[in-house]
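Novice: Below, each chain spelled out in residue letters.
2 protein chains.
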Amino acid sequence: MREVVVLGVGMTPFQRNTKHTFATMGREAIFKAIEDAQVNPGKVEAGYCGTVFGGSMSGQKIFKETGLTGMPVINVENACSSGSTAFREAWLAVASGLHDMVIVVGAEKLSDLGKGPLPLQMEDVEASQGMVMPALYAMRAKRYQVDNGATDEDLALVAVKNRKNGSLNPYAQFRKEVTVDEVVSSRMVANPLTLYQSCPTGDGASAVIICDSKTAKKYTTKPIKLLATTLSSGKFMNGFRDMTSPEITLRCSKKAYEASGCEPKDIDVAEVHDAFTIAEILYYEALGFCEKGEGVQFLREGKTSLDGSIPVNPSGGLISRGHPLGATGLAQITEVVWQLRGEAGNRQIKGANIGLTHCTGGGIWGFDHGACSISILGR
Amino acid sequence: MREVVVLGVGMTPFQRNTKHTFATMGREAIFKAIEDAQVNPGKVEAGYCGTVFGGSMSGQKIFKETGLTGMPVINVENACSSGSTAFREAWLAVASGLHDMVIVVGAEKLSDLGKGPLPLQMEDVEASQGMVMPALYAMRAKRYQVDNGATDEDLALVAVKNRKNGSLNPYAQFRKEVTVDEVVSSRMVANPLTLYQSCPTGDGASAVIICDSKTAKKYTTKPIKLLATTLSSGKFMNGFRDMTSPEITLRCSKKAYEASGCEPKDIDVAEVHDAFTIAEILYYEALGFCEKGEGVQFLREGKTSLDGSIPVNPSGGLISRGHPLGATGLAQITEVVWQLRGEAGNRQIKGANIGLTHCTGGGIWGFDHGACSISILGR
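These protein sequences, in sequence, are chains A and B. Note that the first sequence covers residues 1 to 379 in this note's numbering. Note that the second sequence covers residues 1 to 379 in this note's numbering.
Just to be clear, a hint being listed does not mean it is correct.
Unchecked claim - Mimicking DSS-like on lysine-lysine, the simulated pairs with C-alpha atoms at most 25 angstroms apart in a straight line are:
#1 B:19 x B:115
#2 A:235 x B:255
#3 B:235 x A:43
#4 B:43 x A:254
#5 A:43 x B:255
#6 B:235 x A:235
What the hints assert, rightly or not - Below, a sample of chain A positions facing chain B; criterion: calculated Cβ distance under 8 angstroms:
#7 1
#8 69
#9 72
#10 76
#11 77
#12 79
#13 92
#14 93
#15 96
#16 98
#17 180
#18 362
Just so you know, the hints here were simulated from the structure itself, not pulled from any lab data. Each residue gets a CB set at the ideal place from its N, CA and C atoms; glycine is no exception.
The shape of chain A in the complex, shown without the other chains (with noise of 0.2 angstroms):
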């Protein structure tokens, strides 16, 4: 396999209620890498889409007004992580050598499904008796309080750290900072998780140019290194589980790590999972940054804040920059190379050197996940 680089990146500000529609976020997502990265976009041989509710043809339907057409169009579905996985595909295609450089897009509309939550399927039995993302979510706090003596109050520091990343971040959803306070205050979701602890549905898109090593010295001197891409499905296995163990992120996360011949230690910054705070704790666990049972005193100690030993969610997260499903993975991507670019502004982390995303999504067996993808990316 070649070594890939990331070229270019690009995406919208994420918003609800955009006046934009699908395909035109897309475009500007790609239009933002396509000049980020400095190419023709003549030489782009194969476009990838990652959405959820994009509909059929959903790449096609974004690339047909940018030039970008009669390529391959691949479109890529994957709950929470379809733009993640949209973008291992791509890698593949470039690191076995078939395309020199390929574009992945990501974009979500959910304003265009109304308000509420998102739509559920009948046939998922665990959705239809109430185990949806929220409750699973406010069972796995439950269990932490009461496994690690976290409080309420330890829950909402994660909205309070990244609401104020967020603040630093023009891309975001939520600019405003929130105090602990107000977090445990707003409106119960599922106890113990409140508004504020819990990622917004909106719109948005990003879109990340990828190529061979080779081919990237014709455009830049200072590529990212794509060090490890990886995805996982849940095991969806009978019995007894440990609920604050996420297995698909520690089992992906593994396979990251031995890819990329990184550890955990080495990871500068990080963009996680967080739809809900408690899910951030998880994964600092999880992803291998403390030990397991110590997130919470790790995220007191502020040791995950932009001034700390390993910064998670930099960008606001998804509870802060907002989470347009397909729009995610690309978006964690877009963040970790303007970080190891120097290109974050208020929110930048001194020397970063590695960074890690991890989308993770798709209950469809209790506390398993459908889907879980991490890359590594080193400067």
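We have chain A already, so just place chain B on it with the hints.
Specialist: For chain B alone, kept in the frame of chain A given last:
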């Protein structure tokens, strides 16, 4: 790139209003493919799923109760080419060396969408103004009739041939032969295309297991080799175009012939995308089986019948076997594998050595299709 071979295939009967669910159909196809391949399911390293209307996490919903869990699962959409695009991604995963053995499943339960045409997308300007698939193909048919002297009865010959083939296929949705008179006098859909000249909606699933040729040696002495698999999207260009020349198929087949080292004359059997009768005639020409404008004469002479020089759609094609979108591309692969192995029963083509599959679909801009995928297989 490594040589990739097909180790096992399987499919459900295609039918309307099946009692099975999307997931159980997918599993039936998977279990048949595993049995056919005679592999330990634990050797399968990744799973791809092609579907249009299967919903989020379509592959995970199918795989979760087959024991094929924990592996990377990638869900792929490309309208009528969804299954064949998933197959292309699976080919890349094996050809690149990333995985040794991969399963691809395609499934669709169109009955769930109720009666009537498939749901249209409001942002599709062409469709919203009436340029739906039957209308587009009817315009092509009229143009073709004027240019090449084809009669309504000529067009009907495609349906007569494919229904006859389907009558020999236990997996076909329609297993009753029809006459030219019956085809021409069936309900008009879009002049000159009648009901019997249009592929039906239906339910079904199909699955294919592929691996590298070295791994295949452990399981079979008669592997079916994948000589090429190519994918293209439309060029979506304004201006005049020859509506009887399917540009995307011309371009995609040129790539496939080049990659495989084959020429049209080498093809012994082909499964092509006969969404409507006229389509099959246009594809004879676009795939190089005959010259442009000569497709109708080629058909009249029986060249594409089971005992002709290049039998087309021995399975019955979309018109008779049926067209559950995501399942179609892999059903085509399945039929060609059966034909090359000599396992096609009463519809067996003697001495078939090389076969071609062709899937195209997704009208995005008038006469341009969104995707076209072609595979060439050999024994």
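Novice: Indicate, hint by hint, whether the structure satisfies it.
Specialist: Hint-by-hint comparison with the structure:
no.	hint	in the structure
1	B:19 x B:115	holds (16 angstroms)
2	A:235 x B:255	violated (39 angstroms)
3	B:235 x A:43	holds (15 angstroms)
4	B:43 x A:254	holds (20 angstroms)
5	A:43 x B:255	holds (18 angstroms)
6	B:235 x A:235	violated (41 angstroms)
7	1	holds (7 angstroms)
8	69	holds (5 angstroms)
9	72	holds (4 angstroms)
10	76	holds (6 angstroms)
11	77	holds (4 angstroms)
12	79	holds (5 angstroms)
13	92	holds (6 angstroms)
14	93	holds (7 angstroms)
15	96	holds (3 angstroms)
16	98	holds (6 angstroms)
17	180	violated (34 angstroms)
18	362	holds (4 angstroms)
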